[in-house]
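Use the sequences and the hints to build the structure in full.
Numbering (our numbering), first residue to last: 1427 to 1767.
Calculated directly from the structure, the hints in this document are not laboratory data.
Using N, Cα and C, we set each Cβ at its ideal position, and we do this for glycine too.
Please note that a few of the clues may not be correct.
Claimed, not checked - The calculated DSS-like cross-link candidates involving lysine-lysine, where the alpha carbons are at most 25 Å apart (straight line), are:
#1 Lys1467 with Lys1558
#2 Lys1703 with Lys1745
#3 Lys1748 with Lys1558
#4 Lys1748 with Lys1664
To be verified - Quick list of the computed label-pair ranges, beta carbon to beta carbon:
#5 Leu1463 with Asp1536: 46 to 56 Å
#6 Glu1431 with Glu1760: 15 to 25 Å
#7 Met1547 with Glu1717: 13 to 23 Å
#8 Glu1730 with Asp1536: 35 to 45 Å
#9 Asp1505 with Asn1746: 34 to 44 Å
#10 Phe1628 with Leu1672: 35 to 45 Å
#11 Gly1619 with Met1547: 31 to 41 Å
#12 Thr1681 with Glu1760: 18 to 28 Å
#13 Leu1672 with Pro1471: 37 to 47 Å
#14 Ser1661 with Glu1717: 25 to 35 Å
#15 Thr1681 with Ser1658: 37 to 47 Å
#16 Cys1460 with Gln1487: 38 to 48 Å
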Amino acid sequence: MLFVECEGTPYQIGYQHGQAAKLQINRSIEFYACLFLKNCKQRWPQVLEHALVFEQRAKEQWPMFHQEMQGIADGSGRDLLDIVALNVRTEINFGLFSDGCTSLSWHTNDHAWLAQNWDWMTEQKQNLIITKITQPNKPTIVQVTEAGIIGKIGFNSSGVGTLFNAIKVYGVNSTRMPAHFGLRMTLESRSAGEAVQALESFGMASSAHILIADATTAVGLEFTKSTFARLSPDSTGKIVHTNHLLLEHPGETDTVWLKDSLTRFQTMTENAAALGKNPSWEQVGQLFEDEQNAPGSICRTETEETGSGTLFNIVMDLKNRKATVRMGRPTEVEETINLEL
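Structure follows, in structure tokens:
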């Protein structure tokens, strides 16, 4: 798996990312261009028209993210709007991208677990990379991301971590922050509380769930284009989330587009409860190997029915600032990467 170390100004960070991951970025753009055409009958130039709205907003509101995307574009030899389109893929067509996931945060006496299976079309697995980002006066970040995307799933040197769950609620507000910008902003925060405040202050452009945690606490931040709701840990220190809203969002209607989201939530909740109070690293990882209700299980298999499979599993311990990434389905591991900050 490609590991890219980036440091310096936002533009330099982007340029290093773009140059190192040029092949993966080109393939990723091709992947999404085909998907937009197949599912929405939109050709790539039409997709870029949607991206332009967000590009202008980013330049005004989040210039550092804009500069980084420009760097990625220049480093990879692509146009800026190609890179913006990757970063706002969730918002350009909020109903298209059904990347499902099962997420868990669990604070015990000795550990702050943050773990997830990331499920998407198998074809996109080859375009996943790890980026390590070092910037002045900000925590160092290490994350698993789709090539060309500036914020995804990972943790930082302050012990703040992010997980992401797609939620399908109709509607987008292009004046608000795209989800992948929100993930990056969280990874630039020094605490979970600081991250939640930042995201709520901007508002989010579409619907999703970001599970935000640090060494001592966690918040499951559900949002739509017009609402926020905070999910707190249960009495045992756990938050479980899949791909449907768990809290009330006045005026917004969840489609519960992945019917297996409900069963995955129940299975993870029950299996985690059965582990007692102090699970080992291995036990937390095994939670994500569950194949009940296959193929739409926690450890997911891509079929015509499911539309996606598990592409990687990540288990983080934010107290010790360590993580293990298992590429492929966690029952059929293709590569293991250990991360530490």
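May I ask which of the numbered hints given earlier this structure violates, with the numbers listed in increasing order? Numbers 1, 10, 12, 15, 16, in rising order.
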